[in-house]
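Participant: Now for the letters of each chain:
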Amino acid sequence: MLENEQAIIQRVKQGDHQAMEILFRTHLDAAIRLAYLITRDWTSAEDAVQEGFIQAFRSINNFKDGLPFKPWFTKIVVNKAKRIKEKFGTERQIPASNYLIINDPASPEEISLDKEKEQALYNAINQLDEKHRLPIILKYLNELSEAETAQVLDLPVSTVKSRLYVARQRLKKHLIADQGGVSND
Amino acid sequence: MTDEQIKKALLDNTNWPGSPEKLWQNIITELEPKIPWWKKYQIWLTPMAAAIVLLILVFNSPVPNQPEEQIEPDVAPENMIMMRTFFIAEQIAEIQIAPLNNIQRGAPIDLAINLTALQDLNLTRLALTARLIKLDNDYQVITEQEFNPWNEQTLANGQVLTTKIGLAPVQESGDYLIEIEIQGLHNQEPIVINQQQMIEIN
Chain A
1 MLENEQAIIQ
11 RVKQGDHQAM
21 EILFRTHLDA
31 AIRLAYLITR
41 DWTSAEDAVQ
51 EGFIQAFRSI
61 NNFKDGLPFK
71 PWFTKIVVNK
81 AKRIKEKFGT
91 ERQIPASNYL
101 IINDPASPEE
111 ISLDKEKEQA
121 LYNAINQLDE
131 KHRLPIILKY
141 LNELSEAETA
151 QVLDLPVSTV
161 KSRLYVARQR
171 LKKHLIADQG
181 GVSND
Chain B
1 MTDEQIKKAL
11 LDNTNWPGSP
21 EKLWQNIITE
31 LEPKIPWWKK
41 YQIWLTPMAA
51 AIVLLILVFN
61 SPVPNQPEEQ
71 IEPDVAPENM
81 IMMRTFFIAE
91 QIAEIQIAPL
101 NNIQRGAPID
111 LAINLTALQD
121 LNLTRLALTA
131 RLIKLDNDYQ
141 VITEQEFNPW
151 NEQTLANGQV
161 LTTKIGLAPV
171 QESGDYLIEI
181 EIQGLHNQEP
191 IVINQQQMIE
201 IN
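For the protein sequence lines, the chains are A and B, in the order given. The first sequence begins at 1 in this note's numbering and counts up one residue at a time. The second sequence begins at 1 in this note's numbering and counts up one residue at a time.
Bound-form chain A, shown alone (with noise of 0.2 Å):
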């Protein structure tokens, strides 16, 4: 939680425009990844975040003082993406990102390996259910406690940290099946 995050609370409580917008920079980017990971369309993923902020700004004196801002906004916005995700159909499937061309001292071999070992573990996170893909998003992307995980999905916590377990056991078997059956794990 930011140290003056009451603060601003406070002032946005109040109306204040300007805290709004400190509000909208600091939890944009970690919302719009998220939503976008969830709708698996960025004009989708703009339109929830939108009406997430809207919803958080609309309902701020519902938002009990002294509890960190993230996990409850977070929470709206996972409902907001999922909501549109519903109304527009079926999921499509992310598109694999261009690879970046990078001067980095190590060999074009081997940033080239790195770049397909990682474009292998998003496919494999992006091929989990729902149910098992939102708790990884939510404490690897959205840096979450398992707590705050657990309370952003309406869960027990002993079933977040179960999800998570089967979650990166399911990405490890992945990923050595993408291997040809060698571990480096």
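Please note that the accuracy of each hint is not assured.
[To be verified] Among the chain A residues that face chain B by a calculated CB cut under 8 Å, a handful are:
| id | residue |
| --- | --- |
| 1 | HIS17 |
| 2 | ARG25 |
| 3 | LEU28 |
| 4 | ILE32 |
| 5 | TRP42 |
| 6 | PHE53 |
| 7 | GLN55 |
| 8 | GLU118 |
| 9 | ILE125 |
| 10 | LEU128 |
| 11 | ILE137 |
| 12 | TYR140 |
| 13 | LYS172 |
[Unchecked claim] What follows is a list of derived Cβ distance ranges for each label pair:
| id | chain 1 | residue 1 | chain 2 | residue 2 | range |
| --- | --- | --- | --- | --- | --- |
| 14 | A | ARG58 | B | SER19 | 18 to 28 Å |
| 15 | B | GLN140 | A | ALA177 | 48 to 58 Å |
| 16 | B | LYS164 | A | ASN4 | 36 to 46 Å |
[As the list claims (entries may be wrong)] With a straight-line cut-off of 27 Å between C-alpha atoms, the simulated DSS-like cross-links for lysine-lysine are:
| id | chain 1 | residue 1 | chain 2 | residue 2 |
| --- | --- | --- | --- | --- |
| 17 | A | LYS87 | B | LYS22 |
| 18 | B | LYS8 | A | LYS70 |
| 19 | A | LYS75 | B | LYS164 |
| 20 | A | LYS75 | A | LYS115 |
| 21 | A | LYS117 | B | LYS8 |
| 22 | A | LYS117 | A | LYS139 |
| 23 | A | LYS131 | B | LYS8 |
| 24 | A | LYS161 | A | LYS82 |
| 25 | A | LYS173 | B | LYS22 |
| 26 | A | LYS115 | B | LYS22 |
These are computed hints drawn from the structure, not numbers from a lab. Note that the Cβ used here is the ideal one computed from N, Cα and C, for glycine as well.
We have chain A; now place chain B onto it with these hints.
Facilitator: Showing chain B alone in chain A's frame:
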């Protein structure tokens, strides 16, 4: 496979190509209060009503050579009542609307309604109309329901009447406006009291 590798894979593949400035502008525009088209013209209703009454007065006026004192009795009584209604409606009582829970699509919309007297009131034939208006481009009235929780009431200044009403569920999520309108008679004169509140249905 380390935690860092998972994080990096997620971060490197989700770089948003959009503009934070544009998104912020959309949000801040949406946060400005939305006013239904009929509310935009509400400020003109009282002057318009007064103007209509004046026009009626002018057209119903006797010939110019008659004494001025005789003009007043020619005003139609129903027009006088209408004009007085516009002036007293917002002053004698106030409505508060409170949604009783988080409203989900497909679920009944439960509302608590308070009517607070702003002066001593002798109310009869009270009827409450609730409208649910979708806040989109058309401002379509989705439901309109009438309730009769009170009928006749004598209230002291500051006294509050309370009731709970349930509106029919809606199937589409989004922003809606609830309008509560209470009509009746106060000391045998017609009154209309309005209040609106925005709600979000998830």
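Participant: Is it true that the CA of LYS115(A) sits at most 27 Å from the CA of LYS22(B)?
Facilitator: Violated, at about 32 Å.
Participant: Is 36 to 46 Å a correct range for the gap between the Cβ atoms of LYS164(B) and ASN4(A)?
Facilitator: This hint holds: roughly 41 Å between Cβ atoms.
Participant: Can we keep the ILE32(A) interface hint, with Cβ of chain B closer than 8 Å?
Facilitator: Cβ of ILE32(A) sits 5 Å from chain B, so the hint holds.
Participant: Does ARG25(A) pass the interface check with chain B, least Cβ-Cβ distance below 8 Å?
Facilitator: This hint holds: ARG25(A) lies near chain B, its Cβ roughly 7 Å from the closest one there, short of 8 Å.
Participant: Quick check on HIS17(A) please, does its C-beta sit within 8 Å of some C-beta on chain B?
Facilitator: 6 Å, holds
Participant: Holds or violated: the hint that LYS172(A) contacts chain B, with Cβ atoms closer than 8 Å.
Facilitator: 6 Å, holds
Participant: Min Cβ distance, TRP42(A) to chain B: is it shorter than 8 Å?
Facilitator: 6 Å, holds
Participant: Interface hint check: TYR140(A), Cβ to nearest Cβ on chain B, cutoff 8 Å. Holds or violated?
Facilitator: Constraint on TYR140(A) satisfied, holds at 5 Å.
Participant: Between LYS161(A) and LYS82(A), is the straight-line Cα distance small enough, at 27 Å or below?
Facilitator: With Cα atoms ~22 Å apart, LYS161(A) and LYS82(A) stay inside 27 Å; holds.
Participant: So if I understand the rule, the pair passes when the alpha-carbon distance is 27 Å or less; does LYS8(B) with LYS70(A) pass?
Facilitator: 21 Å, holds
Participant: Taking 8 Å as the limit, does the beta-carbon of GLN55(A) come near enough to a beta-carbon in chain B?
Facilitator: 6 Å, holds
Participant: At a threshold of 8 Å, is the proposed contact between PHE53(A) and chain B supported by beta-carbon distances?
Facilitator: 5 Å, holds
Comparing the model with each earlier hint shows violations of hints 10, 19, 20, 25 and 26; every other hint is respected.
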